[in-house]
Amino acid sequence: MKLIKQFSKVAIIAASVAMSSAAMADEPMNLDALLKTLEQGQVAQTKENKAREAEFKAKESEQLSMLKSLEQNRNAKLQDSERLETQFEENEIKLSNLSDTLSKRMGSLKELFGVLQQVSGDSSNKFMTSVVSAEIHGRSDEMSELAQKMGSTTRLASIEDIEKVWFELQREMTEQGKVKRFTADVIVNGGEKQAKEVVRVGAFNLIADGKYLNYNSATGTLSELTRQPVSRYTATAGELQNATSGLTDFALDPTGGSILGLLVQAPTTEEQIHQGDTVGYVIIGVGLVALLIALERFFALMLMGMKINRQLKDSTARDDNPLGRVMKVKDQYPNVAYDTLELKLSEAILREMPKITRNLTLIKIISVVAPLLGLLGTVTGMINTFQAITLFGTGDPKLMAGGISQALITTVLGLVVAIPTVFLYTILNTRSKNLLLILQEQSAGIIAERSEKGA
Amino acid sequence: MVLVIEAINALREFLDTGGQVLLAIGLLIFVMWLLILERFMYVFGGYRTYKKQLTADWFNRAERNSWNAEQIREAIISRAGMQLNQNISYINVMVALCPLLGLLGTVTGMIEVFDVMAITGSGSARSMASGVSKATIPTMAGMVGALSGVFAATFLQRKAKREVELLEDKLVLDH
Chain W
1 MKLIKQFSKV AIIAASVAMS SAAMADEPMN LDALLKTLEQ GQVAQTKENK AREAEFKAKE
61 SEQLSMLKSL EQNRNAKLQD SERLETQFEE NEIKLSNLSD TLSKRMGSLK ELFGVLQQVS
121 GDSSNKFMTS VVSAEIHGRS DEMSELAQKM GSTTRLASIE DIEKVWFELQ REMTEQGKVK
181 RFTADVIVNG GEKQAKEVVR VGAFNLIADG KYLNYNSATG TLSELTRQPV SRYTATAGEL
241 QNATSGLTDF ALDPTGGSIL GLLVQAPTTE EQIHQGDTVG YVIIGVGLVA LLIALERFFA
301 LMLMGMKINR QLKDSTARDD NPLGRVMKVK DQYPNVAYDT LELKLSEAIL REMPKITRNL
361 TLIKIISVVA PLLGLLGTVT GMINTFQAIT LFGTGDPKLM AGGISQALIT TVLGLVVAIP
421 TVFLYTILNT RSKNLLLILQ EQSAGIIAER SEKGA
Chain U
1 MVLVIEAINA LREFLDTGGQ VLLAIGLLIF VMWLLILERF MYVFGGYRTY KKQLTADWFN
61 RAERNSWNAE QIREAIISRA GMQLNQNISY INVMVALCPL LGLLGTVTGM IEVFDVMAIT
121 GSGSARSMAS GVSKATIPTM AGMVGALSGV FAATFLQRKA KREVELLEDK LVLDH
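As given, the protein sequences belong to chains W and U, one line each in that order.
Following this note's numbering, the numbering of the first sequence begins with 1 at its first residue and continues without gaps.
Following this note's numbering, the numbering of the second sequence begins with 1 at its first residue and continues without gaps.
Hints are computed from structural coordinates only; laboratory data are not their basis.
Positions of the beta carbon are idealized from the N, C-alpha and C atoms, including for glycine.
Treat each hint with caution, since some may be false.
Stated by the list, open to error - Distance condition first, Cα-Cα at most 35 Å in a straight line; then the derived DSBU-like pairs of lysine-lysine:
id: 1; chain 1: W; residue 1: K178; chain 2: W; residue 2: K196
id: 2; chain 1: W; residue 1: K328; chain 2: W; residue 2: K433
id: 3; chain 1: U; residue 1: K159; chain 2: W; residue 2: K433
id: 4; chain 1: U; residue 1: K51; chain 2: W; residue 2: K433
id: 5; chain 1: W; residue 1: K164; chain 2: W; residue 2: K178
id: 6; chain 1: U; residue 1: K170; chain 2: W; residue 2: K328
id: 7; chain 1: W; residue 1: K211; chain 2: W; residue 2: K193
id: 8; chain 1: W; residue 1: K126; chain 2: W; residue 2: K193
id: 9; chain 1: W; residue 1: K344; chain 2: U; residue 2: K170
id: 10; chain 1: U; residue 1: K51; chain 2: W; residue 2: K328
Unchecked claim - From the derived model, a few chain U residues whose C-beta atoms are all more than 10 Å from chain W:
id: 11; residue: G26
id: 12; residue: L35
id: 13; residue: V132
id: 14; residue: T154
id: 15; residue: Q157
Let's have the full structure, built from the sequences with the hints guiding it.
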């Protein structure tokens, strides 16, 4: 570093020496000569300046005339502005006078226009949602245009406009009382558009092909409802579509389609069953088990009953039924005392009992357990609901209602399983009880009757 | 004719407001009362002749003292008991099922109420009314059915028991 600093110092010194040597080189120029050249230059300069001065003086008059014309121009403009200002003021007064006369002359008409604006605004909304608009288009836009026109102060309604409002209201009223057929594009469930014959029932419902339609007021399109009401109602729609004259029954939605619209959102039976979740599936599984056992028992008891009935008519004891096996005891011990025979008989009956009453208690247990499981599902569902409440508060009934309907569905499933199971248990229990009665109280009697006959 | 149509319409309206469970309850009560009527007709009609025949058969026997005779008497009484008690257990179970079905209707109706709440998001009483009527009417119908059946069932049960005892008294053994 030091080395570089020293080197730069040396370089600067060298440069200054070189410059002073150059000044020394100009020294030989004569000073007199220099003075002369300066003098000459001064003379030439004064000459030039004089020429320029002359030129300026020549132009001065020209400038003056220009200034004059500009001043004149300015004055003219000022006058103009003054004149316009007074005119503006005059106009203002005239305008206020005129608007005064306007409002004076309009008088009661002003109120009328207010009413007109309101009515046309209202009917614009009404026409927008009315199903009549599916057939007659553009009424709503016309009405809202008129309402806007009446809202602005500068424009007045013509008599045609006023009559138009009246006409449209009258037309809506008349159309409400009519059943009309017309062809329109309908979006079917697949999503494609099809031209179909649509029947409109007043301002209430639209049907096509015996199905209820939905009118979308925003897009002005018709679509088939994805979920139709129960067949009893859709059948009346089909009847109406096929009817040519006279009166037919028809199930109409007095709200003009909003109730039918809600139908789409209601869950189906299958969806409701899935709402039950794990507990619901367990209940259904238990119910199926009960049903299978009951079926097996039903056929087994029926077969047994048939065989016992045959045995009642037959005098020889068979081996294929409980009564026959009990009666065989008599043949096995032909010469025992009566009380011994009775003991042997009751022993044989005891041996037959489990075969007749098998699995019946299981069905009984399931019929009791199913509603309990339903209760369990209800409680867990309620816990979920309350958890939702602690998280989101009670502000939204939708949030709670979902959980509650989930909770209730398990109760329904429990009852749906329990009711037929109780019934099945009773049927099977009566059958098995009757068979046991035959064995217990009658086998001895039957044996006695036979022995008397034989004797 | 008009009255009949009006009655049918009123009934249909009632079933519509009560929902499908009400139909099941109605069917159940109908079957229950058919069975009860059948029982009444048997107890006061068919059974009388049957009893007469049984007692006549018993007293026509040559001897009524042996083990055989005792067993045969037991069998006769048991047969009569079976005849008398037939279907009574079904009537009893139907009486028990009526309130259960009513409960089912209540729960399905409540589900409808909560579905309406879930869809509309409001507690509008008017939109929930159909669900509430579906919840309450089946309960009422179930109660009415059960109460109407309970008296008849108890009467029949007691009657059957008494008749069996009477028969036992009548078929005397000779000593």
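Ascending list of hint numbers which this structure does not respect: none
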